[in-house]
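Engineer: Given the sequences, and given the hints that come with them, work out the whole structure.
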Amino acid sequence: MWYVYVLLCEDNSLYTGISPDPQKRFVEHKKGKGGAYTRSHKPVKIVHLEKLASKSAALKRELEIKSWSRSEKSQKLKLNLDSFPPGSGDD
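Per the working numbering: the sequence shown = residues 197 to 287.
Simulated from the structure, these hints should not be mistaken for laboratory data. Where hints are given, some of them may not hold.
Label pairs and their in silico Cβ distance ranges [stated by the list, open to error]:
id	residue 1	residue 2	range
1	Gln-271	Lys-227	29 to 37 Å
2	Arg-235	Lys-262	13 to 21 Å
3	Met-197	Glu-224	14 to 22 Å
Note that this is a predicted model, so its numbers are computed, not measured. Glycine included, C-beta positions come from ideal geometry on N, C-alpha and C.
Structural biologist: So, in structure tokens, the structure goes:
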């Protein structure tokens, strides 16, 4: 099983990634051992998780989500970001 996850970062930007263990990956991001983006945009919490059958399916879904604007992500994924204004990043 693979997951697509969306993180809310402390600058209110969103980061989208994939992992077979999203909780472990979130901890890695928080420790600065995740992607380059989250080293400079510290993650605060996981705001969305989707379970997919394969890594290939997760990669395809990740690309789809990354192509959306912040407002599209909020609407299509039903994210409750009203208390979090848009940040400087949109991915």
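Engineer: All the hints need checking, so say for each whether the structure fits it.
Structural biologist: For each hint, the structure was consulted:
no.: 1; hint: Gln-271 / Lys-227: 29 to 37 Å; result: holds (32 Å)
no.: 2; hint: Arg-235 / Lys-262: 13 to 21 Å; result: holds (18 Å)
no.: 3; hint: Met-197 / Glu-224: 14 to 22 Å; result: holds (18 Å)
Checked against the numbered hints given earlier, this structure breaks none of them.
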